[in-house]
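Undergrad: Protein chains in written order, with the numbering used here: chain A, 1 to 467; chain B, 1 to 467.
Note that these hints are calculated values from the structure, not bench results.
All figures in this text were calculated on a predicted structure; none of them were measured in a lab.
Keep in mind that a hint or two might mislead.
Capping the alpha-carbon separation at 30 Å, the derived lysine-lysine pairs in BS3-like fashion look like this [stated by the list, open to error]:
#1 B/Lys125 with B/Lys219
#2 A/Lys219 with B/Lys40
#3 A/Lys185 with B/Lys40
#4 B/Lys185 with B/Lys270
#5 A/Lys185 with A/Lys21
#6 A/Lys273 with A/Lys219
Number of protein chains: 2
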Amino acid sequence: MQVEFIPSDPATRETVLGILKQRFGDQLTTSDAIRKRHGKDESYHAAVSPDAVLFAHSTENVVEAITICAEHKYPVIPFGVGTSLEGHVAALRGGLCIDVSEMNHVIEVNAEDLDVTVQAGVKRKQLNEYLRDTGLFFPIDPGADATIGGMTATRASGTNAVRYGTMRENVLSLTVVTASGRVVKTARRSRKSSSGYDLTRLFIGSEGTLGVITEITVKVYGIPESMTAAVCQFPDLESAVNTTIQTVQSGVPVARMELLDDVQMGAVIKYSKLAGYEEKPTLFFEFHGTQASATEQAETVQNIAEEFGGSAFQWTSQIEDRNKLWQARHDAYYAALALRPGCEGWATDVCVPVSCLAECISETKADLKGTGLIAPLVGHVGDGNFHLVYLINPDNQEELDTAQAHSDRMVYRALSMGGTCTGEHGVGYGKMGFLQAEHGDALALMRSIKMAFDPDNIMNPGKIISI
Amino acid sequence: MQVEFIPSDPATRETVLGILKQRFGDQLTTSDAIRKRHGKDESYHAAVSPDAVLFAHSTENVVEAITICAEHKYPVIPFGVGTSLEGHVAALRGGLCIDVSEMNHVIEVNAEDLDVTVQAGVKRKQLNEYLRDTGLFFPIDPGADATIGGMTATRASGTNAVRYGTMRENVLSLTVVTASGRVVKTARRSRKSSSGYDLTRLFIGSEGTLGVITEITVKVYGIPESMTAAVCQFPDLESAVNTTIQTVQSGVPVARMELLDDVQMGAVIKYSKLAGYEEKPTLFFEFHGTQASATEQAETVQNIAEEFGGSAFQWTSQIEDRNKLWQARHDAYYAALALRPGCEGWATDVCVPVSCLAECISETKADLKGTGLIAPLVGHVGDGNFHLVYLINPDNQEELDTAQAHSDRMVYRALSMGGTCTGEHGVGYGKMGFLQAEHGDALALMRSIKMAFDPDNIMNPGKIISI
């Protein structure tokens, strides 16, 4: 998608930054290096630096900053640690980046209720580190060590979603600063409610376009008595995918079920120095439960895998081996990049009904053959969600065009199968072009929400809804 | 809450009903008896009849009707089977009731993807009857045999929610007719998506105030290999509640965990002729899984219950006995009514964080003692959700006032503990008075959504958002 960059009005910029500087002093910076870092995420999408960056320390800071910006109709872009993948943080209309990474305190742990409230800048690994002694854990794990705020804003998920759900299912309540600088709490801490419109779910996945999330209450879970991981390799992709489909249908509450195609598995073996595996389509599993139930789950899945020609399970029940395995899975993106030194990675994802997964993946792989591109495939296949990482030379326009065209075909293929243009990366500006095809008239409703919440279009303008 | 009834403008009414009659013939009725039935739900709340009732046969019917009403700014109230509990269907501004109960076809079963698409008028028991041969089931079970459309509109849940979630977690996509008569599909059929604002969740629980739901795609589940139910009786309420709290915290994936206080248990024993039980605080459990895992779950919970002085589990593993037990639980409302012949039931619910449940229930029961009211208590206690049914003589204003005052205190008690004014019944007009206290400034955001979606306030006016 062509990025349309419209700088902020110079006079407004000068006025607003002057007021902000006076109020916030050293918390505000216009240093080139810092601005540059805040206009770019981990994607290949063109970066656009904000005019300034405010390191917020509190919800009150965010309120003050937004109130000043709102008065001058000056754009605001929230920022966690910049690990988004669709250009979410690019300052397409200039404006103020509000960096919440220093709002990184765990506010409250309610162990009895299995919930935790954090500031938006708390990172997922930090949260789990914090929880370690409580016997609780937070399961959502996108590839990057993202902030909980960013994960909420993009409706992130990850390898555990097949069992524990995505951010959609795991956020109980949010504190949000609106486009007019008001603080709202979207819900109470109770597990259920039928009291009014679901504002919590509306802000989850809104990518900073409706307000800035400053605090999040999430569900946490008791660490299971038993957590065992296993690896199974398959003669071909269809067999691996069919194993996952049948596992989902059989109702086994598998905690993780990750697909790596042969190319990706080869990259991971090399990058993470995994011994004893072949460059074949591979499933990584994890089973959570009591000792007995985890064993029973694993046996059931092993039987299914065998039917489809899968290898014997290779077990990693020691915590170090298990961590190594999953770190390798989380490093799949970097492993892919290492296949072509100097390249950039263009990660994209789609999600389809599970019954269409084998067809969607095999058509996508077949389509790839003709292009000359290298693009390893990984997938949270239990959810019907898979990713390609195109390894591209960003200075080669032809390569970029080829990748874009292939990605477009993949998206329309997913849509034609009842799927979505993005399962977990979000829209940013990279996927805006597909929303009309995916949502039709529903897009007009989304636009009307944007206009109602942010009539001056100051909240992360140019993302999700084009105005 | 005082109901404010403003009849529709007579000239507009005559014009609109004339056009509708011409278009729909016998599908439209203005018969007194039918209008009356459509203005009243199962609550004690004052009924208000609509001006006419349209029996819609299709989404297209709904589009045509709403388009005509919208042109004349004439109210529209959607109706399933009228089992709501907060006056949701009362025609507070007059208008057209659109009854979708004849839109009762199961449109599509995707067994491989574990999802089913139904018309809004399909009832929950009908759906499970339909699914019986497929080995699948739909778990959400409010007390009444409600329509899936109505359950979606009120964000219903029930006894299985502790394991399977509520309508919020179990709806994948909706077809909705908006206030301007456009048909929108809120999402694709894939399990996950990060593509734009979550319109699905926004319509779930919107109670007809944002549009009329005509089709729903829901998740379904494989019927577990083993489903066993057990009953455990306790010396006091605290012990029963503490058993549930510890069960939730231990992570046992119990499928159902229902509390009945001594009064309710007495009523159920009498009404449903359950033998072998005492009039004591009681928990009904159900365990789903493989044979081995269901047994293991039950053993764990039995150990917890024993710690709190619970009786030995009385098992009902035969399907007939199990059905009888759960039918008795679902009939708890009618059993309660039978305690005071001629009375009406005023069912109300709140939901709090589980850690506050024992305190909230015991304070509520203590508060009840002074009032002279009879109000049996049942609860989906695994979610922190419980109900009272006040058994009242609706002609006795003093009783009504006493019940209202007690209910108000219960709601504010729940709010003060981080809870919500309704866990699953919804707002209707019965609970609107609590929304400001519960949501504060977030209510203004809800109002802005209502104004954006329905600027002329024709969709079920007078519910949730007062305009």
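Undergrad: Evaluate each hint against the coordinates.
TA: Hints versus structure:
1. B/Lys125 with B/Lys219: The given pair, whose Cα atoms are some 15 Å apart, holds under the 30 Å limit.
2. A/Lys219 with B/Lys40: Measuring from Cα to Cα gives roughly 38 Å; hence the hint is violated.
3. A/Lys185 with B/Lys40: The hint is violated at about 34 Å.
4. B/Lys185 with B/Lys270: Violated, at roughly 47 Å.
5. A/Lys185 with A/Lys21: 29 Å, holds
6. A/Lys273 with A/Lys219: 35 Å, violated
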